[in-house]
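Colleague: Sequence:
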Amino acid sequence: MVFHLQLCLTFFLPKHVQGVTVADLDNDGDPDIITASSGDNTIAVFKNIDKGTFCEIKEVVDSNAK
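So for the sequence shown, my numbering puts the first residue at 218; every next one is plus one.
These aren't lab readings, by the way, just hints derived from the structure by calculation.
A virtual CB, placed ideally from N, CA and C, is assigned to each residue, including glycine.
Certain hints may be false.
Stated by the list, open to error - Cβ pair distances, simulated, as ranges: (1) 235 x 267: 15 to 21 Å; (2) 238 x 278: 25 to 31 Å; (3) 236 x 272: 16 to 22 Å; (4) 278 x 246: 28 to 34 Å; (5) 235 x 268: 25 to 31 Å; (6) 269 x 244: 27 to 33 Å; (7) 248 x 277: 26 to 32 Å; (8) 234 x 269: 17 to 23 Å; (9) 233 x 268: 18 to 24 Å.
When you get a sec, could you build the whole thing from the sequences and use the hints?
Modeller: Structure follows, in structure tokens:
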């Protein structure tokens, strides 16, 4: 038997969210959330870890974005 521990913190959406989409990015059957923000030029991915509990797993920042 294998157990995994995942730390999930409270988070806030990035500033000036311009777009939100939902897709099952990891093929686990649970929808994940992806946001795009013009305020800080980021794309954030929030993984659905358990029936509506989300953890931010990746934030991509493009320092050259205009």
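Colleague: Determine for every hint whether it applies to the structure shown.
Modeller: These are the hints, each one checked on the structure:
For the pair residue 235 and residue 267, the supplied restraint of 15 to 21 Å is violated, since their beta-carbon distance comes to about 28 Å. With their beta carbons about 19 Å apart, residue 238 and residue 278 fall outside the hinted range of 25 to 31 Å. At roughly 20 Å, the beta-carbon separation of residue 236 and residue 272 lies within the given 16 to 22 Å, and the hint holds. Between residue 278 and residue 246 the beta carbons are some 30 Å apart, a value that agrees with the proposed interval 28 to 34 Å.
Restraint check, residue 235 to residue 268: a C-beta distance of roughly 28 Å satisfies the suggested window 25 to 31 Å. At about 18 Å, the CB distance of residue 269 to residue 244 disagrees with the hint of 27 to 33 Å. For the pair residue 248 and residue 277, the supplied restraint of 26 to 32 Å is violated, since their beta-carbon distance comes to about 20 Å. Judged by the Cβ atoms, the range 17 to 23 Å given for residue 234 and residue 269 holds: they are separated by roughly 19 Å.
In this structure the hint that residue 233 and residue 268 lie 18 to 24 Å apart at CB is violated, the actual value being about 29 Å.
Violated hints, listed in ascending order, are 1, 2, 6, 7, 9; each of the other numbered hints is respected by the structure.
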